[in-house]
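Enquirer: So the chains spell out like this:
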Amino acid sequence: MNSTLTKYNVLGAAPWKFLLLTATLLFSYALPAHADDHAEPAAVEAEAGPVDDYNALLEAQGEYAPAYDFFTTSMLWTVIAAALVFLMHLGFATLESGLCQQKNVVNVLFKNVFIISIGVITYALFGFNTHYPGDFNGWFSWGGMIGDLNADGGNTWGYGGLGLAMTGFGDFIFQAMFAATGATIVSGAVAERVKLSSFMIFAVLFVGVAYPIAGSWHWGGGVLAGMDFKDFAGSTVVHAFGGFGALACVMVLGPRKGKYTENGIKPIPAHSFPLAAIGVFLLMFGWYGFNGGSVLSAEPSALGLVFTTTTLGATAGALGAISISWFMLKKPDLSMALNGLLAGLVGITANADVIDVGGALAIGFIAGIIVVFSIIYLDKAKIDDPVGAISVHGVCGIWGTVATAIFADGFDFVTQLKGALLVSAFAFIFAYIVFSILKAVMGVRVSEEEEDRGLDISEHGQEAYSS
Amino acid sequence: MNSTLTKYNVLGAAPWKFLLLTATLLFSYALPAHADDHAEPAAVEAEAGPVDDYNALLEAQGEYAPAYDFFTTSMLWTVIAAALVFLMHLGFATLESGLCQQKNVVNVLFKNVFIISIGVITYALFGFNTHYPGDFNGWFSWGGMIGDLNADGGNTWGYGGLGLAMTGFGDFIFQAMFAATGATIVSGAVAERVKLSSFMIFAVLFVGVAYPIAGSWHWGGGVLAGMDFKDFAGSTVVHAFGGFGALACVMVLGPRKGKYTENGIKPIPAHSFPLAAIGVFLLMFGWYGFNGGSVLSAEPSALGLVFTTTTLGATAGALGAISISWFMLKKPDLSMALNGLLAGLVGITANADVIDVGGALAIGFIAGIIVVFSIIYLDKAKIDDPVGAISVHGVCGIWGTVATAIFADGFDFVTQLKGALLVSAFAFIFAYIVFSILKAVMGVRVSEEEEDRGLDISEHGQEAYSS
Amino acid sequence: MNSTLTKYNVLGAAPWKFLLLTATLLFSYALPAHADDHAEPAAVEAEAGPVDDYNALLEAQGEYAPAYDFFTTSMLWTVIAAALVFLMHLGFATLESGLCQQKNVVNVLFKNVFIISIGVITYALFGFNTHYPGDFNGWFSWGGMIGDLNADGGNTWGYGGLGLAMTGFGDFIFQAMFAATGATIVSGAVAERVKLSSFMIFAVLFVGVAYPIAGSWHWGGGVLAGMDFKDFAGSTVVHAFGGFGALACVMVLGPRKGKYTENGIKPIPAHSFPLAAIGVFLLMFGWYGFNGGSVLSAEPSALGLVFTTTTLGATAGALGAISISWFMLKKPDLSMALNGLLAGLVGITANADVIDVGGALAIGFIAGIIVVFSIIYLDKAKIDDPVGAISVHGVCGIWGTVATAIFADGFDFVTQLKGALLVSAFAFIFAYIVFSILKAVMGVRVSEEEEDRGLDISEHGQEAYSS
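Chains as they are written, first to last, in my numbering: chain A, 2 to 468; chain B, 2 to 468; chain C, 2 to 468.
This list has only true hints and no planted wrong ones.
In this list, chains with the same sequence are indistinguishable; a pair is considered to hold if it fits within one copy or across any two.
Result set (DMTMM-like, lysine to aspartate or glutamate): computed pairs, CA atoms no more than 20 Å apart in a straight line:
{"id": "1", "residue 1": "K104", "residue 2": "E449"}
{"id": "2", "residue 1": "K332", "residue 2": "E451"}
{"id": "3", "residue 1": "K267", "residue 2": "D453"}
{"id": "4", "residue 1": "K104", "residue 2": "E464"}
{"id": "5", "residue 1": "K332", "residue 2": "E452"}
{"id": "6", "residue 1": "K332", "residue 2": "E450"}
Keep in mind the hints are simulated off the structure, nothing from the lab.
Just chain A, same shape as in the assembly (with noise of 0.2 Å):
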């Protein structure tokens, strides 16, 4: 140690100190450490019978002993399937700084880690609640605080059954992971100009009180659910939620400084294409939690099915997007084929459990033509979406759902039509209005100059890399 190492030392006297004082501590615990009457191994004190732990366990089940081991093995399916879900923010993250300027990505990264803090958080505080309201008008109901889910039995297969295999606090945290996907949807859309302060705000609104009372209205066993509207894990009550929510965010904030000028559209590449592909791997990745969760069972006739349905899906629309684009602009285009991908998987997600092999394949194909003819015809109509989350998330969640009565058996086109439209509204009213609102009080956008110079300098004094 030389001399000038003292100055950092952290506990301000010389690091010998330190080792005296823990010297001691470690001496002082040493004494009594020579009885015996320590822990033994968690391994050695379970063994009080054979299986008589277990047995234990299975008795505090009571009349729900017999299905206990088809519960557990659900549960665990929730809680790894809510894992997938999370991992689905880093998707989201990653897609969304590698399609904007690297001027801007600190920005992205800011906001997602923010929208999955405060959407997870709401969502305990309120949301859940609100989401699952129990016997309510199918309109409204507002919801408090979760507490033990624990209790009450909340534990068993008394909380929800087959239809339901999971505990309360499974529930809980499934749900809550798909509660940010809204915000994040949005935020992919108003990247690189949006006032970061006045986002934050709307996010809070859009995901903590939007969001659950909008998918109360499905899941929690409101209007949607009476009429027979069929979205299975929420091409429309989560991906045309958020994307029309986008819309309406755009349209309120205007595009880009340059995008739309005189001279045509000027075309702002993405500033990583690795970066947005690992973003679309990561999602299709947690889409496998996302909609294999939502079978909310591990019951294996529908797990095979979703898995098989959803990944062709969105392979389906990956071909349909790299064709129908290489067709249109003439070159295979790596945006259009991970946009084509992602549309596939928003298009299967109302119906990944109805569908078969054939019309996965169609729903997911189409989808990824469509993608491609949105993403254009929003551009020309100067709807400025930086990351196409309008075009993915929006207007093919209204596809999927309506696809949903195409192509499987039993469910009504216009019933699917019109839940659709009803969320798409909902969403795009809230956040019509909310932004507008935000707009007037605060502004929702940053400054010309700060656009110039990017969110990153401007916004959080920090750029995305350096040598």
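Use these hints to put chains B and C onto chain A, whose structure you have.
Expert: Chains B and C alone, transformed into the frame defined by chain A:
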């Protein structure tokens, strides 16, 4: 909303009209909603009797009911393993793009999106039923498109019993994720100069036709199954298959321009080591599904052993490659460390379920040494493989297969060698012929100008990075 | 094939000869293939009787048969959790490399590949049996290499019962993934100036020797287990252990050149925030295995609670750090948001199975505040920790341990503090002594010229990025 905003209005009318429309829509829903006949939340709905729904599920299993919980757990593992193997494709995409030059990154990513998509879809259209033809002559059979794999007991224990404890769709999706691997391996070896359209045609044939045929010899009950050839999760039938297909393509294609000059071998450095490292770690993560899922059930003894030997093989491979490359190159080489880890994984893949701890360490460590020599030797032989795919997957695939006879009990060296050579030779010949035909008909290589400029601009008109 | 192609021929002969050779080989196989004695596909083979194979499996469990399905599910969770913890090492690698300067990235990645490799292998060679010594004096015991952990009932419920519902190999591999964490934490703190070879020796000793000894005090039934010390998944025995080892090493090593000047502290910005963000999200994803797997079975009540509290702790940590750093630094700081999320995770790790919703939010939020102050304070004290590892893992590890007594019922504050200090002091002293000896014997720091040039070139002769 400022006055210029209407020009962004995708609906061709003022936003207020849309608001009015949707408000009307909302109102039209509101009326029937007052009725009380909407569905209860799922949680409530399912509670007909305490465990009646589960008992009904169990009863539907008929004679298979006693194994239902084990079947459910095994099937859950199968689909999770499939998702992990899916993520390996992100691993391949990032590893390959990381090791390539910046100007070819978009091309690499595009190829990988295409390969996984076409791999899964051809597997649904004819691969799966070619791979598992049922009773056949042991060499060749051709299958059609999959249908409802849940039908005819495909969703019960009767589908595969303990040897394949999953539903038909579970079997399909797990195997489908493997299918694209062969072409992905080739993709890395031919990177930076292959013509995209030719490669895409090759990939369809290699993945869609050659892979399921070769696979049927071993896993479909063909000739290799008949001679007690051991290849647990595919050191030979997946990795050596891909590696020797890659060797053939590289021989037909030739090296990258400027790689082998009169003044010696010009190193072409990786454009992004972080990307490459992400790829290798993701590959190892996904390998737990690749090897672990190949247990084909959740049988605990096998699962614990396979996870342990897979991990020891990989880490010993990294240490082997670090040691030998440090000794030979006088520097601790990151790309060798990464390739060593992969080499260990490929080596352990043939035998992870039958090897012991010492054997796993030995096989991995030696694989790590072999891969370094192989990479150096191939470079001297002017076989230009930008990512080391031939050495990692081809050479170490054969090593793992024969090492099974050396380090595990009860396997015959000659049988192992014959099986490994048979599949490798088939892959080599198939790839050589197909790629040669493609070369004659449409060319397999971009022009020298395009290679100089990079495939991203010349093939896609896009760049991987921009500011 | 053009005439120059033969020079690429690795076989030293024209490709046609190889084709001929393999064709002959194929033909030689073809003859016996006409016999019909080849194996049937697995699916067919297994169907001796409907569930006979499962019943045989069950019978082999003997007295443990009643718990077999629960055991199978629990063991499946154990190995999946192990894979998730493995992925944390990619999280550490990307976080550390993202926060470092570009010139040291190869070095960071190399260290991380080495650490996970040596960590797993030393754990197999002596770590596991040192960590879980069985009956011992509570302070020190030394174990040998693992053997067949499936033998002697290691693959049945008898191995660990409900308290450790996994096979011996499951136990090993889950714990092995933890082992390397300590050195990874140190790696971040000493980055950008540590000498590679010295660090590698240190890592072997810290991970291979110190970690299992300290761990045996708590998880091996040693002194900490004897005093009812609570540390669920290792806030103290993993994170504070690593964090205080890191503090010792940084004190011995000194700060990066030019960091603390006469004109104040020079900030050294992260070279890639996307990489750092990927790291943090992957760490959180892997943490579900770290904490969730520490339930040591798939017991549904505990699993749902742990996933929920882990998520709330992390997200509250992010909000805590965002709030306080925005207030103090006047900017929404991305690195603080990321560190806050990790701080929340470290804080909740000691108590995730016993805390309630409010407690999880409080522990996380306060951890997020603590980490900001700690990072600022350590920087003022000239303890140069490029990634904030000491604050995140060391300081918040102790916070989480003592917070258990504050926010959960039934734990003693003094006991918690004593346990946290004991392990932290041991890690500090061990690291201080070992690193000081290494400093005296071979040096622990690169030369100033090497530091200026970057470790990538000076230690590895490689660069992280090239065009």
